[in-house]
Structures are given as C-alpha cells and as structure tokens.
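Protein chains: 2
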Amino acid sequence: MNMSRTRRERLVVIGGDAAGMSAASQARRLKGPDELEIVAFERGHFTSYSACGIPYWVGGDVTDRDRLVARTPEEHRARDIDVRLRTEVTELDLDGRRVRARDLDSGAESWTPYDKLVIATGARPVRPDLPGADAPGVHGVQTLDDGQALLDTLAGTRGRRAVVVGAGYIGVEMAEALLNRGYEVTVVNRGSEPMSTLDPDMGRLVHEAMTGLGITMVNDAEVTKILTGDDGRVRAVATQDREFPADVVVLGIGVRPETALARAAGLPLGTHGGLLTDRSMRVRGREDVWAGGDCVEVLDLVSGQERHIALGTHANKHGQVIGTNVGGGYATFPGVVGTAVSKVCDLEIARTGLREKDARRVGLRFVAVTIESTSRAGYYPNASPMTVKMLAELRTGRLLGVQIVGREGAGKRVDIAAVALTAGMTAEQMTTLDLGYAPPFSPVWDPVLVAARKAAAKVRSSTTP
Amino acid sequence: MNMSRTRRERLVVIGGDAAGMSAASQARRLKGPDELEIVAFERGHFTSYSACGIPYWVGGDVTDRDRLVARTPEEHRARDIDVRLRTEVTELDLDGRRVRARDLDSGAESWTPYDKLVIATGARPVRPDLPGADAPGVHGVQTLDDGQALLDTLAGTRGRRAVVVGAGYIGVEMAEALLNRGYEVTVVNRGSEPMSTLDPDMGRLVHEAMTGLGITMVNDAEVTKILTGDDGRVRAVATQDREFPADVVVLGIGVRPETALARAAGLPLGTHGGLLTDRSMRVRGREDVWAGGDCVEVLDLVSGQERHIALGTHANKHGQVIGTNVGGGYATFPGVVGTAVSKVCDLEIARTGLREKDARRVGLRFVAVTIESTSRAGYYPNASPMTVKMLAELRTGRLLGVQIVGREGAGKRVDIAAVALTAGMTAEQMTTLDLGYAPPFSPVWDPVLVAARKAAAKVRSSTTP
Chain U
1 MNMSRTRRER LVVIGGDAAG MSAASQARRL KGPDELEIVA FERGHFTSYS
51 ACGIPYWVGG DVTDRDRLVA RTPEEHRARD IDVRLRTEVT ELDLDGRRVR
101 ARDLDSGAES WTPYDKLVIA TGARPVRPDL PGADAPGVHG VQTLDDGQAL
151 LDTLAGTRGR RAVVVGAGYI GVEMAEALLN RGYEVTVVNR GSEPMSTLDP
201 DMGRLVHEAM TGLGITMVND AEVTKILTGD DGRVRAVATQ DREFPADVVV
251 LGIGVRPETA LARAAGLPLG THGGLLTDRS MRVRGREDVW AGGDCVEVLD
301 LVSGQERHIA LGTHANKHGQ VIGTNVGGGY ATFPGVVGTA VSKVCDLEIA
351 RTGLREKDAR RVGLRFVAVT IESTSRAGYY PNASPMTVKM LAELRTGRLL
401 GVQIVGREGA GKRVDIAAVA LTAGMTAEQM TTLDLGYAPP FSPVWDPVLV
451 AARKAAAKVR SSTTP
Chain Z
1 MNMSRTRRER LVVIGGDAAG MSAASQARRL KGPDELEIVA FERGHFTSYS
51 ACGIPYWVGG DVTDRDRLVA RTPEEHRARD IDVRLRTEVT ELDLDGRRVR
101 ARDLDSGAES WTPYDKLVIA TGARPVRPDL PGADAPGVHG VQTLDDGQAL
151 LDTLAGTRGR RAVVVGAGYI GVEMAEALLN RGYEVTVVNR GSEPMSTLDP
201 DMGRLVHEAM TGLGITMVND AEVTKILTGD DGRVRAVATQ DREFPADVVV
251 LGIGVRPETA LARAAGLPLG THGGLLTDRS MRVRGREDVW AGGDCVEVLD
301 LVSGQERHIA LGTHANKHGQ VIGTNVGGGY ATFPGVVGTA VSKVCDLEIA
351 RTGLREKDAR RVGLRFVAVT IESTSRAGYY PNASPMTVKM LAELRTGRLL
401 GVQIVGREGA GKRVDIAAVA LTAGMTAEQM TTLDLGYAPP FSPVWDPVLV
451 AARKAAAKVR SSTTP
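From first to last, the protein sequence lines are chains U and Z. First residue of the first sequence? That's 1 in full-length UniProt numbering, and the numbers climb one at a time after it. First residue of the second sequence? That's 1 in full-length UniProt numbering, and the numbers climb one at a time after it.
To be clear, the hints were calculated from the coordinates, so they are not data collected in a lab. Heads up, some of the hints might be wrong.
Which copy? The list can't say, so a pair holds if one copy fits it or any two copies do.
[Claimed, not checked] With a cut-off of at most 25 Å between alpha-carbon atoms, the simulated BS3-like pairs for lysine-lysine come out as follows: (1) K225 - K31; (2) K357 - K31; (3) K454 - K357; (4) K31 - K454.
Since we're looking at a predicted model, the values are computed, not measured.
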C-alpha cells in the first residue's frame with residue numbers, strides 16, 4: 001500500500017481534560033477532518049471540566065455540576081473529535097506508533113495507531129499509604145467523579161464533623177467548602193503553618209484567619225491512621241498523638257504527575273516525576289509526541305529549574321501551544337513564574353516567584369521585606385488590611401517573589417509582580433510603576449509599590465560584599 | 001560674612017499638597033534641621049490632602065474631611081517643616097534665589113531666600129469663560145476648600161437637580177457623588193461619549209451604564225451660558241440648543257498646570273503648559289530648582305512624548321524623588337504609561353497606554369481588538385462581564401494600550417497591562433503570562449490574556465507591508 005501524500009494523519013490524545021482537549025480543539029481549528037483525524041481517550045466520564053471548580057461545587061457556590069464542564073464529549077464530537085470515554089490507555093508503543101487502550105466497561109483492549117501523540121494524563125492525588133485510607137467516607141477531590149462521590153457521602157451522612165488532611169490550596173478550599181455546608185471543620189497539616197506554598201510567616205496569617213473563621217487548625221501533625229467504625233466507615237483521623245473524630249475525611253495532600261505510562265515507555269521524566277518537554281511542548285528527544293498539563297514539568301523562569309505545578313490555567317496554555325504546533329502552526333510556552341491565588345471565605349492568598357527556601361535552594365541571596373497596607377485609600381469605606389512580602393536578589397535587586405495575604409482586592413494584585421517577574425524587573429524599577437490609582441481601588445502608593453520601596457531600600461543598604 | 005561650610009541650607013517649597021510636602025518630608029528624613037531648613041508656602045488652609053478623595057467626601061462615602069488629610073500642618077511642623085498657610089508665592093527671583101510671598105489675610109509681602117527650590121504649584125481647574133460661571137451654586141472640586149464650599153451649597157439648597165459639566169474622571173465621579181446625595185443628575189459633555197480618556201467605543205459602554213444608573217447623559221453639548229435667577233444663584237445650564245435646570249452645578253472640565261509663576265520667571269514649559277524636568281525631577285537647565293506634581297509634564301514611555309497628568313499617585317512619586325535628590329540621595333522618575341482607574345457606582349473604568357488617536361498622532365500603526373469576558377470563572381457566583389480593548393503595534397506586536405470597562409474586579413486588572421507596557425512586552429509575550437488563576441478570581445484565561453491572544457493573532461495575520 002502506497003502512503004499517499006494526501007493520507008489523513010491521526011492525532012491521538014491521551015486524557016480528555018484541559019490540556020488534552022485544548023490541544024485537540026486547537027489542532028482541529030487549524031486542520032479539518034479531511035486532513036487530521038483526532039481520537040481522544042479519557043478514562044472518566046467527563047471532558048474539559050474545571051477541576052479547580054470542584055471545591056466550589058462541593059461547597060454549594062456552584063449548584064450544577066454541568067456548569068463545571070466547559071465542553072461536553074458531544075460538543076467535541078460535533079467538531080469531529082472522536083472522544084472515547086471510560087477508555088484507559090494502558091500502554092504506549094512509541095516505536096510502533098500506537099497506543100493500547102482498554103474499554104473500562106467491557107474490558108476489551110485494542111491498539112490504535114497514531115501519527116502524532118499528545119500525552120495529557122494529568123496528575124494523581126497523593127493517597128497516604130495508611131490503614132483505612134480507602135474506607136468509605138474518605139475522599140479525594142481530583143476529578144468530577146471524586147466530587148460527586150464526596151457530595152453523595154455528604155448527603156448520606158448525618159454527622160457534621162469533617163477532617164481535611166492537608167492545608168495547601170485544595171485543603172484550604174475544601175475547608176471553606178465544608179464550612180459552607182455547615183460542618184465543623186478540622187484541618188490536619190503536616191507543616192508548621194498552612195499554605196506551604198507561602199513562607200511560614202505568611203502562612204501564619206492564613207492560620208490565624210482560618211482559626212478566626214471557626215476552623216480548627218492542627219499543624220505539625222502527621223496522620224498515622226484512618227480509623228473506621230464497626231460499619232467499616234471512617235470514624236476518626238489519628239495523628240502521632242491525637243485522634244480527630246470524623247464523619248467525613250477529605251484528602252488534599254497534593255498531587256503527583258500521572259506518568260506511569262510515559263515512564264514505562266521510556267520517555268524522559270524530571271526530578272518531580274513529570275514529563276520533560278521543549279519550548280514547543282514536544283517531549284524531549286521525540287519528533288511526534290507532545291505533552292502538557294498536570295503530567296509535565298515546567299521551567300520556572302525565576303529559578304531556572306523545572307518544577308511541577310498542577311493548575312488549569314497552565315494546562316489550557318499548554319493545550320493551546322500543542323494544538324497550534326500539531327496543527328502546523330508555531331507557538332511556545334516559555335515557562336512559569338509560579339503564580340497562584342486562592343481564598344478561604346473572604347481571606348485572599350496569593351503568591352508568585354520564589355519563597356525564601358526556594359531562593360536558598362537555587363543559590364540566590366536576597367532581602368525579604370514585609371509591609372502592611374490597605375486595599376483602598378485608608379479613608380475609603382471597606383479599605384481592608386493587606387500584608388505583602390517581597391523578596392529581591394542581593395546586588396542586582398531583581399524581584400524574586402511576592403506573597404500577599406489580605407481580603408477583597410488583595411489576591412489579584414499578585415499579577416503586578418507576576419508580570420514584573422516575567423520581565424526581570426528590579427524592586428527599584430517597580431517603585432515607579434504606573435499602577436491604577438483612585439481611592440476606591442488603592443492607596444496613593446499601591447501596597448505592591450510600598451513593598452518595592454522597602455525592598456529596594458534594603459538592597460541598597462545591604463553591605464554584603 | 002564668610003559662607004561657612006556648615007551653613008544651614010534653606011529649602012523653599014511652593015505648594016503644600018502631595019508633591020511639595022512629600023518632597024519636604026523625604027528631604028527631612030535624609031537631612032536634619034541642623035543641616036536643612038525647610039519652608040513650605042501654601043495658599044490654602046490644608047496640607048497633604050487627597051484631592052482625589054473629594055468626590056467620595058462630597059458623596060458621603062467619607063464622612064470626615066479630616067480623613068482626607070494625610071498630614072496636617074501641625075504634624076509637618078513637628079518634623080521641623082515650617083509650613084506657612086494662606087501664604088501665596090507671587091514672584092520667583094531665580095537669579096537672586098528668593099521668592100516673594102504674600103500673607104493672604106494681612107496682605108503683607110516679603111522675600112524669602114532659598115538655596116534649593118521646589119515648585120509644586122499644582123493645577124487649576126479649567127473654568128469656562130462664560131457668563132454666570134462664578135455665580136453662587138457653581139462649584140469646582142479641586143481643593144478641600146472647594147469641596148467644603150460645595151457641601152455648604154448642598155446643605156443650603158432645597159432643589160435636587162444637579163448638572164455636572166464635563167464627563168472625565170472628575171465629572172463621572174461627581175455624578176456618582178451627587179446621585180448618592182439623592183440628586184437628579186445630568187452630565188453635560190462636550191465629547192461624543194463620556195470618558196474621553198477612553199476610545200469612543202469604550203466610552204459608549206460607560207455612557208450606557210451611567211444611563212442605566214439613572215444619570216441623564218448629554219453628549220456633543222457645548223455649554224454656552226450659566227443662567228442665574230433673580231437671587232443671583234444658578235438656575236440652569238444652557239448649551240447651544242437646550243437648557244438644563246440646575247440647583248447646583250459642578251464643573252469638572254479638567255485642569256491645567258498652574259505655572260504662571262514659572263512662566264513669569266522664564267522657566268521651561270512644554271506644549272501642555274507644564275514645567276519640563278529631567279529624570280531627577282529637576283527643572284531643565286536649572287541646578288537648584290525642582291518641580292513635581294500637577295504642575296509638570298511627564299514623559300509618556302509609550303509615545304515618547306511629554307504629557308500632562310494630574311494624579312496624586314504621580315505627585316507622591318515626584319515628591320519622593322525630589323526629596324531624595326534634595327536630601328543628597330539619588331532617585332529618578334522615568335515616566336508614566338498613562339494608567340488611570342475610576343468608578344461610577346459599581347461600574348469600573350480603567351485605561352493605560354495609548355488610545356487609537358494617541359497612537360495615530362505619534363505615527364504608530366496598530367491593531368485594535370475588543371473582547372468580552374468575565375471577572376471570575378463563568379460558573380462562579382457574581383462573575384461579572386468585562387470588556388477589554390487592546391492596541392498592539394503592527395509588525396512588532398508591542399503592546400500600546402489597554403482599556404477596560406466592567407464591574408467588580410475589572411479596574412485593577414489594568415495593572416497587568418501597565419507593567420507589560422513598562423517592560424515593553426508584545427501581545428504575543430503576554431499570551432503566556434502566568435497570572436493568578438482560581439475560579440473566584442478569574443476565568444482560566446484571564447480577560448487580559450484573551451485580549452492578548454486576539455491582538456497577537458491580528459498582528460500575525462496583518463498583511464501590511
């Protein structure tokens with residue numbers, strides 16, 4: 001059989017959420033079905049949904065699960081993307097350019113050849129290897145299926161005591177969600193303060209605010225066992241020295257790249273277990289394999305090293321870049337600066353760039369300053385307090401990171417620092433940034449400018465040789 | 001008499017508001033009273049107050065005038081700054097290094113020598129040269145004294161019809177203030193749409209929203225006369241073809257640099273009538289004279305030309321820079337990108353960089369795109385619509401300007417573009433900015449990223465040779 005020049009190519013996508021389906025959709029925009037066949041395998045029931053929205057669905061802010069779905073399988077199929085749900089890819093044959101997939105309902109397996117492959121297998125939640133971790137009433141919140149299972153448990157449970165294990169983004173967002181559902185919430189946290197993506201002094205502010213909301217915060221606590229009752233359901237979470245009664249337990253310990261398939265196929269993985277790609281999101285050393293979303297490592301533009309960040313906004317950008325390249329265009333993903341924003345009730349938490357320990361780890365010396373200011377002019381109604389911490393490199397004065405804890409108007413201010421980090425600005429340069437000012441929006445010196453002034457002064461006055 | 005090397009120098013500051021008193025305070029921080037004497041002349045009753053806060057005081061959001069005063073004359077005097085209120089400088093003798101000042105209460109005049117001079121004479125509101133413009137009931141809102149006079153009028157007036165002349169920042173903010181006070185508000189505007197600091201298509205959105213708030217918007221209207229009643233008080237505002245009954249009239253037409261003194265002394269003025277300074281805020285060609293705040297022109301970093309912007313945040317930065325340099329340190333003000341943010345009730349309006357006509361005027365060709373998005377993830381409660389317009393240069397793709405009209409969460413997003421403009425980023429570079437994302441804060445593609453994607457695509461697809 002001759003390979004005709006007009007032979008239709010086949011793109012196979014593994015993973016039907018943000019990165020995978022963004023890639024498929026963008027490739028479809030650039031190449032019609034007569035040029036490119038697109039097959040997408042998804043082991044769950046849903047495509048293109050907002051995993052980041054699950055806490056708000058569980059908490060009741062979002063009442064309809066379907067609202068979290070940006071594009072259904074049917075909508076993808078209407079665009080000639082062959083979505084195969086409940087179908088898990090079990091093996092990659094890179095030399096043979098084919099993937100083996102299993103229909104999870106029938107158990108049937110078959111091979112599907114590809115010309116181009118996109119790996120978007122996402123991340124899997126860390127599940128502690130503990131007795132009882134799989135008991136009824138213990139839930140992760142990684143997928144829509146997880147969220148539905150948790151909501152079913154909440155609906156069927158009379159007790160009102162919830163224990164959240166982990167105090168990162170998922171942990172604090174789930175604490176809010178369960179508080180909104182009327183639960184007594186205890187957060188059990190291994191670290192010295194919640195939100196280990198912040199420095200501990202800023203995490204302390206989160207701790208205090210969460211306590212103020214009526215959440216019981218337990219720090220420096222290692223979960224040793226999940227205790228079950230006679231009915232086999234969870235009844236408590238045990239740490240090294242205490243027991244916390246629980247009618248429901250949510251695990252929010254973090255996620256790891258889901259790269260078992262890639263590892264088995266010999267694809268290059270980084271130190272965090274994620275796939276390594278080039279700037280075009282092509283897997284390093286491969287011509288015809290791309291990867292994006294929660295299963296890859298990304299370049300941290302501040303530290304110059306790879307890191308793993310599971311976040312929908314990156315996954316969407318990766319998918320866009322991959323789809324453009326697969327579709328014959330040109331696009332790149334240069335990297336991240338590590339921006340994240342979250343909230344617990346009215347507390348807003350944001351960070352970008354390096355924490356103190358990140359900077360030390362990569363050999364950067366720095367000054368750190370912390371300032372207090374307000375979201376609006378001090379005399380304007382509802383001006384709320386805000387704490388801004390800023391790190392700048394010694395000698396160069398280059399911005400290294402910003403952390404913000406405050407109320408309304410605090411969180412998205414981190415974007416100022418995110419752009420400044422991307423541009424490689426110094427704290428001194430930031431002091432004269434022309435930021436939006438009017439009394440309802442900012443003090444006459446925006447809190448970020450106040451931090452920049454203090455950081456720049458500290459860089460200047462440093463006597464480190 | 002020998003000039004001792006330890007002779008105390010004298011700094012004279014003309015103007016006791018943001019720029020002047022920031023300069024005085026910063027100079028004092030660096031040099032004690034044994035090294036530097038500081039004399040500040042202010043013709044009004046107040047120092048260091050927020051003129052930007054006046055609309056919110058008039059509107060009742062701020063109940064106490066004193067809250068608008070950041071630092072009183074007494075507080076400045078406690079820091080050894082000799083503040084002389086109700087004292088107007090009437091002449092500069094630059095060769096003799098002295099200023100003549102008149103005590104406005106006694107009428108006494110005297111000369112004060114200086115070693116260093118700071119000119120911070122601010123701006124004066126444009127008052128139309130019209131019959132009736134000085135009638136009782138017609139008010140500007142430039143100074144605290146103006147604000148108090150307006151409040152006195154409101155308290156003494158039974159009628160509830162207010163006409164605001166001008167639909168720029170002051171105009172729309174005063175419309176909100178008078179609405180909050182229970183007035184029927186008519187805004188008479190010379191331009192085709194309100195907010196001429198936006199392009200007309202974006203101004204149109206402001207127009208519609210203000211109409212929706214119950215404000216009567218009259219565009220393309222030139223005020224020809226202010227009509228007074230038998231009592232001599234204002235009774236109506238007349239345009240070329242109509243009359244608008246008015247119990248109170250607020251003039252918010254704009255301001256011009258107050259540089260009569262500087263002009264008489266032969267100091268260099270720009271095309272907008274403002275003083276021209278170098279990067280250290282020293283008046284060009286002068287060794288010992290600095291100027292800052294609303295009386296100077298500033299370099300627009302996007303257009304490369306000088307412009308005049310009366311805004312407290314710039315005045316404070318100028319003062320900080322001047323005070324540092326006068327005090328023997330080193331600081332510069334590199335320029336502005338033209339960021340401004342404002343609100344009318346819950347409508348937020350923001351802009352930075354160049355409008356279409358600004359770009360054309362300086363010879364820049366560009367693409368312009370407009371997108372609609374939301375402040376939060378679409379499924380999250382209170383996600384509010386937002387319109388973002390972006391201009392990017394043809395060929396280079398360099399960001400030229402952004403305008404945003406929306407509700408809560410819209411205004412301060414302009415800071416993303418302000419930093420990107422300062423850094424000289426292209427729209428394409430902006431598409432991968434790592435901005436804060438979580439459903440309560442942003443859609444997975446921040447509205448600014450959506451605009452950047454569309455602008456970048458339009459730059460790429462342009463066929464202009």
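Practice task
Mind listing which of the numbered hints don't hold for this structure, in increasing order?
Solution key: Hint check: 1 and 2 fail, others pass.
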